[in-house]
Amino acid sequence: DVQLVESGGGLVQPGGSLRLSCAASGFGLYNHYMGWVRQAPGKGLEWVGRSRNERNGGTSEYAASVKGRFTVSRDDSTNSVYLQMTSLKTEDTAVYYCVRGGYCSGATCSSFDNWGQGTLVTVS
Amino acid sequence: QSALTQPASVSGSPGQSITISCTGTSSDVGRYIVVSWYQQHPGKAPKLLIFEVTKRPSGVSSRFSGSKSGNTASLTISGLQPEDEADYYCCSYAGDSTYVFGTGTLVTVL
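Respectively, the protein sequence lines represent chains A and B.
If you read the first sequence in my numbering, its first letter stands for residue 185, the second for the next number, and so on.
If you read the second sequence in my numbering, its first letter stands for residue 79, the second for the next number, and so on.
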């Protein structure tokens with residue numbers, strides 16, 4: 185079974201940094217785009233960013249709200265995905281979900297077909 | 079990129095059908111078939127229901143169906159059941175390797 189397990193959330197002061205991790209199992213990371221989606225308390229979902237697999241260039245793309253501050257990276261050898269967050273703002277407070285891209289080719293993925301349970305980041 | 083517009087809430091009685099709309103623009107929903115829908119129960123992670131406008135992943139009930147017309151995508155739940163009570167989100171590819179989610183709809187089973 186596909187499983188995504190996030191860790192690394194916690195309380196951080198504005199302007200601080202935090203690194204989230206996502207341990208993937210049940211599939212080979214090298215075959216998939218991986219990304220992050222967040223949800224502020226009581227609010228809706230927001231796409232944060234993603235990392236393409238090596239076969240599709242290995243590049244990363246971001247939402248405008250986090251571009252230049254957040255970095256998505258991956259280690260296919262350990263089946264892990266990371267979200268490095270810097271210059272954190274209070275509005276970055278949210279549950280962060282690790283997601284797997286489904287049926288990805290070029291710039292698009294048809295969906296986010298598997299989600300982790302999320303990890304809470306509080307910026308205060 | 080503004081969030082796609084969904085009704086805040088939709089309700090129905092058990093056995094009825096309901097439809098949730100998701101309105102975007104010609105730059106997202108209207109331009110791409112990369113529209114998906116997610117169900118989220120309280121305190122849980124979202125679950126994929128529909129991808130590429132109309133397709134269902136294996137294991138998702140056939141009571142869930144999707145469609146699109148112009149800049150608006152729709153999710154229909156047929157034969158509404160108590161366990162369908164949840165939040166529902168649409169999502170569209172928005173160009174330049176970015177995605178936009180809908181504002182979310184709370185479905186209440188009366």
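Bear in mind the hints are in silico, worked out from the structure with no lab data behind them.
All residues carry an ideal CB built from backbone N, CA and C; glycine is no exception.
Hints may contain errors.
[To be verified] Where chain B lies over chain A, by a calculated footprint (3+ residues, C-beta under 8 Å):
hint	region
1	204-217
2	256-263
3	277-288
4	299-308
[Stated by the list, open to error] Keeping only pairs whose Cα atoms sit at most 20 Å apart, straight-line, the calculated EDC-like set for lysine to aspartate or glutamate is:
hint	chain 1	residue 1	chain 2	residue 2
5	A	227	B	174
6	B	125	B	163
7	B	125	B	165
8	A	251	A	275
9	B	122	A	297
10	B	125	A	238
11	B	122	A	230
12	B	122	B	161
13	B	125	A	297
14	B	133	A	297
15	B	125	B	161
16	A	251	B	161
17	B	133	B	162
18	A	227	A	260
19	A	227	A	275
20	B	146	B	161
21	A	227	B	165
22	A	273	A	238
23	B	125	B	162
24	B	122	A	238
25	B	125	A	275
26	B	122	B	162
27	B	122	B	163
28	B	122	B	174
Results of checking the hints against the structure:
no., hint, in the structure
1, 204-217, "violated (count 0)"
2, 256-263, "violated (count 0)"
3, 277-288, "holds (count 3)"
4, 299-308, "holds (count 4)"
5, 227/A with 174/B, "violated (25 Å)"
6, 125/B with 163/B, "holds (13 Å)"
7, 125/B with 165/B, "holds (11 Å)"
8, 251/A with 275/A, "holds (14 Å)"
9, 122/B with 297/A, "holds (15 Å)"
10, 125/B with 238/A, "violated (26 Å)"
11, 122/B with 230/A, "holds (16 Å)"
12, 122/B with 161/B, "holds (14 Å)"
13, 125/B with 297/A, "holds (8 Å)"
14, 133/B with 297/A, "holds (12 Å)"
15, 125/B with 161/B, "holds (14 Å)"
16, 251/A with 161/B, "violated (38 Å)"
17, 133/B with 162/B, "holds (19 Å)"
18, 227/A with 260/A, "violated (32 Å)"
19, 227/A with 275/A, "holds (12 Å)"
20, 146/B with 161/B, "violated (25 Å)"
21, 227/A with 165/B, "holds (11 Å)"
22, 273/A with 238/A, "violated (31 Å)"
23, 125/B with 162/B, "holds (12 Å)"
24, 122/B with 238/A, "violated (31 Å)"
25, 125/B with 275/A, "violated (25 Å)"
26, 122/B with 162/B, "holds (14 Å)"
27, 122/B with 163/B, "holds (13 Å)"
28, 122/B with 174/B, "violated (30 Å)"
Hints 1, 2, 5, 10, 16, 18, 20, 22, 24, 25, 28 from the list above are not met by this structure, while the remaining hints are.
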